[in-house]
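Peer 1: Protein chains in written order, with our numbering: chain A, 1 to 391; chain B, 1 to 391.
No false leads were slipped in.
Here are some, though not all, of the chain B residues that point toward chain A, as calculated from beta-carbon distances under 10 Å:
#1 Y10
#2 S12
#3 I19
#4 G22
#5 H59
#6 R88
#7 Q92
#8 V229
#9 G253
#10 F304
#11 D375
#12 I380
Label pairs and their calculated CB-CB ranges:
#13 A:A78 / B:Q175: 24 to 34 Å
#14 A:I19 / B:P389: 25 to 35 Å
#15 B:M13 / A:L171: 42 to 52 Å
#16 A:E4 / B:P389: 29 to 39 Å
#17 B:R387 / A:E207: 41 to 51 Å
#18 B:A174 / A:H343: 52 to 62 Å
#19 B:E186 / A:P127: 57 to 67 Å
#20 B:G296 / A:G125: 42 to 52 Å
#21 A:E4 / B:R220: 46 to 56 Å
#22 B:I19 / A:M13: 35 to 45 Å
#23 B:E118 / A:E207: 27 to 37 Å
It is worth saying that the hints were derived from the structure and are not from the lab. Backbone N, C-alpha and C define an ideal beta-carbon position, used for all residues, glycine too.
2 protein chains.
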Amino acid sequence: MKIESVDLFYLSMPEVLDIGDGSQDALLVRVAAGGYVGWGECEASPLACIASFVTPMSHSACKPVSASVLGQSLNDVADIYRIGDLVRAQSQDVLQADHTLSGVDMALWDLLGQRLGEPAWKLLGYPRAYPKLPYASMLFGDTPQETLLKGRKARAAGYRAAKFGWGPIGLESAQADADQFVAAREGLGKDGILLIDIGTVWRADVEKAALRLPALQACRATWLEEPFVSGALTAYHSLSQRSGSVKLAGGEGSHNLYMAQHMIDYAGLGYIQIDAGRIGGLSVAKQVADYAHARGVTYVNHTFTSHLALSASLQPYAGLQEDTICEYPVELKSLAVDITENHLLPDSDGYLHAPDAPGLGMTVNPAKLRPYLKDVEIRIDGALLYRTPEL
Amino acid sequence: MKIESVDLFYLSMPEVLDIGDGSQDALLVRVAAGGYVGWGECEASPLACIASFVTPMSHSACKPVSASVLGQSLNDVADIYRIGDLVRAQSQDVLQADHTLSGVDMALWDLLGQRLGEPAWKLLGYPRAYPKLPYASMLFGDTPQETLLKGRKARAAGYRAAKFGWGPIGLESAQADADQFVAAREGLGKDGILLIDIGTVWRADVEKAALRLPALQACRATWLEEPFVSGALTAYHSLSQRSGSVKLAGGEGSHNLYMAQHMIDYAGLGYIQIDAGRIGGLSVAKQVADYAHARGVTYVNHTFTSHLALSASLQPYAGLQEDTICEYPVELKSLAVDITENHLLPDSDGYLHAPDAPGLGMTVNPAKLRPYLKDVEIRIDGALLYRTPEL
Numbered sequence: 001m002k003i004e005s006v007d008l009f010y011l012s013m014p015e016v017l018d019i020g021d022g023s024q025d026a027l028l029v030r031v032a033a034g035g036y037v038g039w040g041e042c043e044a045s046p047l048a049c050i051a052s053f054v055t056p057m058s059h060s061a062c063k064p065v066s067a068s069v070l071g072q073s074l075n076d077v078a079d080i081y082r083i084g085d086l087v088r089a090q091s092q093d094v095l096q097a098d099h100t101l102s103g104v105d106m107a108l109w110d111l112l113g114q115r116l117g118e119p120a121w122k123l124l125g126y127p128r129a130y131p132k133l134p135y136a137s138m139l140f141g142d143t144p145q146e147t148l149l150k151g152r153k154a155r156a157a158g159y160r161a162a163k164f165g166w167g168p169i170g171l172e173s174a175q176a177d178a179d180q181f182v183a184a185r186e187g188l189g190k191d192g193i194l195l196i197d198i199g200t201v202w203r204a205d206v207e208k209a210a211l212r213l214p215a216l217q218a219c220r221a222t223w224l225e226e227p228f229v230s231g232a233l234t235a236y237h238s239l240s241q242r243s244g245s246v247k248l249a250g251g252e253g254s255h256n257l258y259m260a261q262h263m264i265d266y267a268g269l270g271y272i273q274i275d276a277g278r279i280g281g282l283s284v285a286k287q288v289a290d291y292a293h294a295r296g297v298t299y300v301n302h303t304f305t306s307h308l309a310l311s312a313s314l315q316p317y318a319g320l321q322e323d324t325i326c327e328y329p330v331e332l333k334s335l336a337v338d339i340t341e342n343h344l345l346p347d348s349d350g351y352l353h354a355p356d357a358p359g360l361g362m363t364v365n366p367a368k369l370r371p372y373l374k375d376v377e378i379r380i381d382g383a384l385l386y387r388t389p390e391l
Numbered sequence: 001m002k003i004e005s006v007d008l009f010y011l012s013m014p015e016v017l018d019i020g021d022g023s024q025d026a027l028l029v030r031v032a033a034g035g036y037v038g039w040g041e042c043e044a045s046p047l048a049c050i051a052s053f054v055t056p057m058s059h060s061a062c063k064p065v066s067a068s069v070l071g072q073s074l075n076d077v078a079d080i081y082r083i084g085d086l087v088r089a090q091s092q093d094v095l096q097a098d099h100t101l102s103g104v105d106m107a108l109w110d111l112l113g114q115r116l117g118e119p120a121w122k123l124l125g126y127p128r129a130y131p132k133l134p135y136a137s138m139l140f141g142d143t144p145q146e147t148l149l150k151g152r153k154a155r156a157a158g159y160r161a162a163k164f165g166w167g168p169i170g171l172e173s174a175q176a177d178a179d180q181f182v183a184a185r186e187g188l189g190k191d192g193i194l195l196i197d198i199g200t201v202w203r204a205d206v207e208k209a210a211l212r213l214p215a216l217q218a219c220r221a222t223w224l225e226e227p228f229v230s231g232a233l234t235a236y237h238s239l240s241q242r243s244g245s246v247k248l249a250g251g252e253g254s255h256n257l258y259m260a261q262h263m264i265d266y267a268g269l270g271y272i273q274i275d276a277g278r279i280g281g282l283s284v285a286k287q288v289a290d291y292a293h294a295r296g297v298t299y300v301n302h303t304f305t306s307h308l309a310l311s312a313s314l315q316p317y318a319g320l321q322e323d324t325i326c327e328y329p330v331e332l333k334s335l336a337v338d339i340t341e342n343h344l345l346p347d348s349d350g351y352l353h354a355p356d357a358p359g360l361g362m363t364v365n366p367a368k369l370r371p372y373l374k375d376v377e378i379r380i381d382g383a384l385l386y387r388t389p390e391l
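Isolated chain A, as found in the complex:
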């Protein structure tokens, strides 16, 4: 097969709020080859990705992502890795390229899986997929009381694990944060797995983080996620020496294999969190999963958008039996819900399964998405460089 077309669709809620909710817009990727269609999704700024896909060449290592994808052969798994390497070489100086490649790579696995009649996790090399315990991934309430109610709701819905993040956390006093932690624990119940996400607001300030450790330990948080930005290795490592029973989690900002490896090698993490929609797709995410597994660091998916992205995020570590928990967003905007016809739901034991179906196993319904579609037009010297295609 040859890759005949790659179409990018910028979808958005009518109103995008200034909150840490990544499900308010999406960049959907559709790839066509040999009569098959594959779908992917970038966890990224849609317009910046579109520009990186169509931008004119600046020099030999600063080419549009499209230059390394359109017209390429796609017959086996090796072709997908080859295309990724080509994008990384030819678009090395287009910073946005890794995010754009991520959605394209997902769509390639989806498409090849359909052609070969195999789930992506099998093509990635896993003989079987193990169930994962989903944690309900939510924003903190604006008040502890609101957080308490959110925790209770998750527990009532049967979740044995929950993560609270963003919102007011980390921005006020250590006491205000402690009140939120206590509310989260109380809402979730004493046996639940409690995860706390700071959303990088302390940047690299170890003392701000250390001030919160007693409260995190007291409420028995399993992990403290992203106290610092991806790459602040020294800050992470220093905090990991003091965090005791609370393990550190991070890495979602990694946009290539090296960045994830550095987080694993030098940051003292207990959990490496990878967004397949940012790191270069399933191909790179699987390499991270292998690397982490060999070093005793637990791999966890990062996802906060559609179930297409959720399925993609599960594939790279579906076959790792010991890496048992997975992120499961429970506060999605309607756009993110509507991207797929089918949805991944916990089974009666509360476990989530990567689809045992060709490719990513998700059905995209274009008709349902048209109301969210943004019509993007880019012209240079009057010539049309990009126009949102027919969905």
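Go by the hints and put chain B onto chain A.
Peer 2: Coordinates of chain B only, in the frame set by chain A:
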């Protein structure tokens, strides 16, 4: 002062060739505040940067770069650092943002320098600027004979140091590369400082690099630059243990402080090369210079575009007396030459000086640039989001 406007100009040669020459296009940044105008330049994909500047918000950590710059106060140096931090926080998930910020940050230093009547290097904290020995930065010839002639030309022009990079190097046999190294040394003469740049074509393949070490040592190369991509720390470190008299240089791909720190801490570099047009501008580049200096790693500018970018690249280490050499591109396309009215030329002793003039000390002549200007237009749902402004 308040930042009143930030204008981005995509300039390009009529034809862009598929070679490793970054001077074929440019993204020029013009900032206006309080009656002053500052100029900067992104070393980046122009269209992707423009998109990242104007893209609609996706969520609270995925905002357009413009949201953190327009309307901000600009009265002192602290304001520039504050604006950079704001961009990094609010545009954390817009991957392209660091490249875009780089040109904006440059323009802010240029503007504030004019307002305060001080060169940027003085505002950055240096009491004086030391002369740098420029190395003639060139592409390898397609044949050893062509490289020999380029070397002779540089020597005849008075350069005591020269760098050859990209072109065919690293892509053919080790013997073919060795022939090129010998030709470069012969052309430059036996006393010249010879620098070799592989342009990352070996990605992370240590053995490919190791095969070339005997020839590099025999021709007395001072450094081997970018045998691998930025971030391939293990590969760099492993090679550094075997490279003997040939030191490793790298880091130009770093787009934030952390990435540069990792290269300094873990890659075994002798030289850290920073492009102020990629890493987040002068602000971050100066932080890298301080960090490298404290650890005995030599800082070198990376620049392959205009003399506006060249001046900007010198400022962050102008005051470091021991870091003596600087990149000086000698094969610029007319666009890159035309961006500034004045040019930085070596003095009679062959040394280059950061301008002792307000800001970056360079004069941009808009009229001369109009023939290179691309008219970019971006619309979403018919509404104009960006149109190339009046230059």
